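Number of protein chains: 2
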Amino acid sequence: MKKALVYITLKEGVLDPQGKTVQHSLDTLGYAGVKEVRVGKYLELLIEDEGAVEAQVEEMCEKLLANPVIENYTYTIEEVVTL
Amino acid sequence: MKKALVYITLKEGVLDPQGKTVQHSLDTLGYAGVKEVRVGKYLELLIEDEGAVEAQVEEMCEKLLANPVIENYTYTIEEVVTL
Chain A
8 MKKALVYITL KEGVLDPQGK TVQHSLDTLG YAGVKEVRVG KYLELLIEDE
58 GAVEAQVEEM CEKLLANPVI ENYTYTIEEV VTL
Chain B
8 MKKALVYITL KEGVLDPQGK TVQHSLDTLG YAGVKEVRVG KYLELLIEDE
58 GAVEAQVEEM CEKLLANPVI ENYTYTIEEV VTL
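So the protein sequences, as listed, match chains A and B.
All residue numbers for the first sequence refer to the numbering used here, where the first residue is 8 and numbers rise by one.
All residue numbers for the second sequence refer to the numbering used here, where the first residue is 8 and numbers rise by one.
Just so you know, these hints were derived from the structure itself, not from any lab.
A quick note: this is a predicted structure, and the numbers were derived from the prediction, not measured.
Keep in mind that a hint or two might mislead.
Given that identical chains are not distinguished, each listed pair holds provided it fits within a single copy or across any two copies.
Stated by the list, open to error - In silico DSS-like cross-links for lysine-lysine, where the CA-CA straight-line distance does not exceed 30 Å:
| # | residue 1 | residue 2 |
| --- | --- | --- |
| 1 | Lys48 | Lys27 |
| 2 | Lys42 | Lys9 |
| 3 | Lys42 | Lys27 |
| 4 | Lys10 | Lys42 |
| 5 | Lys70 | Lys27 |
| 6 | Lys42 | Lys70 |
| 7 | Lys27 | Lys9 |
Turn these sequences into a full structure, and let the hints steer you where they fit.
Here it is, written out as structure tokens:
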């Protein structure tokens, strides 16, 4: 078993209204030092290891998990140790 | 300036319908090896460094960014180098 950790963020220059809202809320709560907030996604995928897991994850990001037009993605893959 | 990277995940045992939907979609696309998907949030906060940034981020997570009843959060803080 492998675990893929996928991080998806909006590309620079793409407006992030959700981030703006969070920043505004933080400002209202008194955290005026917060100058920018960008909200992204974080996914954990548990994948049966039949080889080529990395290529699969890359493909899944391109096809479904991220929108490559406006989002960047990175991922790390770790071994799941079952005792 | 500091940049806080905040990772928010659902606690174990908390149902994740969004993750289930993603898993189902991946299955439909032919990725039958994906056994579980959990969807979380990833936030990047740009914070003016007036000291105690870590304590501030912790507080923001507790108060607004995460729901401590059903979510776990972790964060890392890095220095932003402006040239």
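Alpha-carbon proximity context of Lys10 and Lys42, limit 30 Å
between (34 Å within a copy, 10 Å between copies)
Within a copy, between copies, both or neither: which one fits Lys70 and Lys27 at a CA-CA cutoff of 30 Å?
Answer is both; intra-copy 28 Å and inter-copy 17 Å each pass.
Treating 30 Å as the Cα threshold, decide for Lys42 and Lys9: within, between, both or neither.
between (37 Å within a copy, 10 Å between copies)
Since the copies are identical, ignore which copy is meant and state whether Lys48 and Lys27 lie within 30 Å (CA to CA) inside a copy, between copies, both or neither.
The answer is both: 16 Å in one copy and 15 Å across copies each meet 30 Å.
Cα distance capped at 30 Å. Does Lys42 pair with Lys27 within a copy, between copies, both, or neither?
For Lys42 and Lys27, the Cα distance is within 30 Å only inside one copy (10 Å; across copies 35 Å).
Indicate which option fits the pair Lys27, Lys9 if close means a Cα-Cα distance not exceeding 30 Å: within, between, both or neither.
between (35 Å within a copy, 18 Å between copies)
With identical chains treated as interchangeable, where does the CA-CA distance between Lys42 and Lys70 reach 30 Å or less: within a copy, between copies, both, or neither?
between (33 Å within a copy, 18 Å between copies)
Hint violations for this structure: none, all hints satisfied.
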